Amino acid sequence: MDKIRKIFRWETALVGILVAQIFIFGLINPRFLKINVLLGSVNDYISICIIALFVTFVIITGGMDIQAGSIVGLTSIVMGLLWKVGGMNIWGTIPIVLLVGALCGAFSGFLIAYTGVQAMVVTLGGMFLFSGLAVVISNAAVSSAFQGISGFPAEFVQLANGKSFGIPNPFIIFIVLIIFAYLLLHKTKYGRKIFLVGVNTNAAQYAGINTKLVIMSTYILSGMGAAIAGIVLTSYLGSSRADFGAELTLPIVTAVVLGGTIITGGKGGVIGTALASLVIGILKFGLQMVGFSTQYLDIPVGILLIVAVAIRSVSAAGGLKFPTFMKSKGQRQKMAGSAK
Amino acid sequence: MKQIVRKVFKTPGLSSAFFMVALFIVAGIINPAFLSLDNLQLCINGSVMYMLLAIGIAFVLMTGEIDVSIGSVLGLSAAFMATCVRDGVSLWIAIPCTLAIGAIAGLLNGYGVAKLHVSSIIMTLGTMGILRGTVYIYTQGKWVENLPDYFKRYTQASVFGFVNVFLLVTIIITLGIHFYMSKTKKGRYLAAIGDNINGANLIGIPVARTQIFAFVLSGIFASLAGIIFVSKVGFVPPTAGSGYEMKAIAACVIGGISLSGGVGTVIGAFFGAIIMSSIGRILVFLKFPSEWDNTITGILLIVIVVADSLFRRHSAEKARKERLSARTLNEEREA
Numbered sequence: 001m002d003k004i005r006k007i008f009r010w011e012t013a014l015v016g017i018l019v020a021q022i023f024i025f026g027l028i029n030p031r032f033l034k035i036n037v038l039l040g041s042v043n044d045y046i047s048i049c050i051i052a053l054f055v056t057f058v059i060i061t062g063g064m065d066i067q068a069g070s071i072v073g074l075t076s077i078v079m080g081l082l083w084k085v086g087g088m089n090i091w092g093t094i095p096i097v098l099l100v101g102a103l104c105g106a107f108s109g110f111l112i113a114y115t116g117v118q119a120m121v122v123t124l125g126g127m128f129l130f131s132g133l134a135v136v137i138s139n140a141a142v143s144s145a146f147q148g149i150s151g152f153p154a155e156f157v158q159l160a161n162g163k164s165f166g167i168p169n170p171f172i173i174f175i176v177l178i179i180f181a182y183l184l185l186h187k188t189k190y191g192r193k194i195f196l197v198g199v200n201t202n203a204a205q206y207a208g209i210n211t212k213l214v215i216m217s218t219y220i221l222s223g224m225g226a227a228i229a230g231i232v233l234t235s236y237l238g239s240s241r242a243d244f245g246a247e248l249t250l251p252i253v254t255a256v257v258l259g260g261t262i263i264t265g266g267k268g269g270v271i272g273t274a275l276a277s278l279v280i281g282i283l284k285f286g287l288q289m290v291g292f293s294t295q296y297l298d299i300p301v302g303i304l305l306i307v308a309v310a311i312r313s314v315s316a317a318g319g320l321k322f323p324t325f326m327k328s329k330g331q332r333q334k335m336a337g338s339a340k
Numbered sequence: 341m342k343q344i345v346r347k348v349f350k351t352p353g354l355s356s357a358f359f360m361v362a363l364f365i366v367a368g369i370i371n372p373a374f375l376s377l378d379n380l381q382l383c384i385n386g387s388v389m390y391m392l393l394a395i396g397i398a399f400v401l402m403t404g405e406i407d408v409s410i411g412s413v414l415g416l417s418a419a420f421m422a423t424c425v426r427d428g429v430s431l432w433i434a435i436p437c438t439l440a441i442g443a444i445a446g447l448l449n450g451y452g453v454a455k456l457h458v459s460s461i462i463m464t465l466g467t468m469g470i471l472r473g474t475v476y477i478y479t480q481g482k483w484v485e486n487l488p489d490y491f492k493r494y495t496q497a498s499v500f501g502f503v504n505v506f507l508l509v510t511i512i513i514t515l516g517i518h519f520y521m522s523k524t525k526k527g528r529y530l531a532a533i534g535d536n537i538n539g540a541n542l543i544g545i546p547v548a549r550t551q552i553f554a555f556v557l558s559g560i561f562a563s564l565a566g567i568i569f570v571s572k573v574g575f576v577p578p579t580a581g582s583g584y585e586m587k588a589i590a591a592c593v594i595g596g597i598s599l600s601g602g603v604g605t606v607i608g609a610f611f612g613a614i615i616m617s618s619i620g621r622i623l624v625f626l627k628f629p630s631e632w633d634n635t636i637t638g639i640l641l642i643v644i645v646v647a648d649s650l651f652r653r654h655s656a657e658k659a660r661k662e663r664l665s666a667r668t669l670n671e672e673r674e675a
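Residue numbers (my numbering), protein chains in the order written: chain A, 1 to 340; chain B, 341 to 675.
Simulated from the structure, these hints should not be mistaken for laboratory data.
Some hints here could point you the wrong way.
As the list claims (entries may be wrong) - The calculated lysine to aspartate or glutamate pairs, modelled on EDC-like cross-linking and capped at a C-alpha distance of 20 Å, are:
| no. | chain 1 | residue 1 | chain 2 | residue 2 |
| --- | --- | --- | --- | --- |
| 1 | A | LYS84 | A | GLU11 |
| 2 | B | LYS587 | A | ASP243 |
| 3 | B | LYS572 | B | ASP648 |
| 4 | B | LYS658 | B | ASP648 |
| 5 | B | LYS587 | A | GLU155 |
Said to hold, decoys possible - Footprint (simulated), chain B over chain A, 3 or more residues, beta carbon under 8 Å:
| no. | segment |
| --- | --- |
| 6 | 36-49 |
| 7 | 55-62 |
| 8 | 228-235 |
All values derive from a computational prediction rather than experimental measurement.
Think of the CB as a built atom: it goes at the ideal place given N, C-alpha and C, for glycine as much as any other residue.
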């Protein structure tokens, strides 16, 4: 119960930050408050939001995924190639692209779960591998990697640029994915397994959970999340390029961690990640609208990340944190009591 | 013979050196031009910047933490150094100031990790963004160009006719650090913290101070790499060094340093850096299109770490079995 309350508090804090942001930017530039502008801004950072939702799963198991960004580029270029060179229907490519994302995730996930190599190292290799593969296949099939493929059918481009019920489609996709991820992580047996693996892998193993399969499945999910982001981005920009997503790795991790997911695993949530990715996105968008150059935007995001995490880690420990043995005897007894 | 093989595999620095030699020989068999002295010289001289980055981050990795801000530190240092050189500031002032940038960035990282207990990947992710933004503010998003020629010639300076000065200095630094980290008391602290941070704390190692020290060194080395970047490349774009942190980490991993800390040597990182930066050149000599660079790097990285992990697990399993059978033998004898 205590734990739930704590996460809830962090999420309300995020909502507070979000409201404050909208209020402040609205004061400076009233155009910011138009609902169309605000919702439309989502398009600019939707890929971060989508991927971060599923990277949350990976980080809750105690893993790390820095390859998702490069899967975006790979799936985007695969999609373009299947359509242009393979002559497939653009909608028909979507299942294949999702499969490619899942395979990329499965590859790294398998190595992480079954060989025991650190997740950071494997996904670092995966990052090089998948971004490299994207460049290779795009060069082999079309022309220079940075030229890309464009000229997609209008209906497909409409997918991310259009609106239904007055709401931009990417935002609807995002909401649907939040609901899906929320139900999966917080309301199913599978989701509970993910948390248990993150809290204590050995205990989960003894409880009869196939921990390796659970760990591997989270990477498949994040690979598929990256593939969805690749599709949306391809549709939004109307072209597919191998270098999409190269810059996303760090914003994704930022969003997950700012959302309250603990980097060592076992604690976190989808709603927090979704809110945090919106906080980051709106911060960037708002600063742009009040006249900051896009190139400076890493500074406020970096400061926000460090300050938020530092405040949380210091306050979670009840002031500055000390290792257990440095605490007084009374404190230790209290801790032992609460552990029981 | 078997013992020698085992010993080679157990010394991480040596095994990566052997791997490098094997890689070069394979490349040389396919295209003998690769093994020409000129080319090898270019290969190794070209990797000095990565060596410095890898050695610096090795300190942090040894303590079990990670530092992804070094690419941005390199960028900021390079931009600062380049403007100093362009505006004719004396090198005796410019170089210490540039190194101070790295030291301050490292101090910030170290303070956050050791005192505020922010996990290192988050902390350095934050400073990475902050420093990269600072580079843009400092250079106003423009390239720093028109550097005087004398500074660009420094990277070509050599002693004894063929040994590059920077390379020589880097080798001396590497050996010095290897000695420091393997033989001196304070140097062993790093590995001790990486191996077991609570244990290190219990036996009275100043954990926080050592961690901060590691981050500061990592920053200083990134700044050094930045100075070399300026001299080697001759201009500094505001994106200078972005993505280098991943290459430096990959170099360390290839060199046998474990990201969970406590295992590895800087000599391994040194050879890992040579392997990392030579892949592109090897591909050119094998008549492969150079765009395969990242793909091959990724495959190599994954194969090496997976093979290493399986090898370790196999030998651990074998040792366990030997222990078990020894125990049963003892019991039989007693009975």
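The hints, checked one at a time:
1. A:LYS84 / A:GLU11: 44 Å, violated
2. B:LYS587 / A:ASP243: Within the cut-off at roughly 18 Å; holds.
3. B:LYS572 / B:ASP648: 34 Å, violated
4. B:LYS658 / B:ASP648: With a Cα-Cα distance of about 15 Å, the restraint between B:LYS658 and B:ASP648 holds, given a limit of 20 Å.
5. B:LYS587 / A:GLU155: The given pair, whose Cα atoms are some 41 Å apart, is violated under the 20 Å limit.
6. 36-49: Answer violated; 0 residues pass the 8 Å Cβ test.
7. 55-62: violated (count 0)
8. 228-235: It is violated, with 0 qualifying residues against the three required.
In summary, the numbered hints that this structure violates are 1, 3, 5, 6, 7 and 8.
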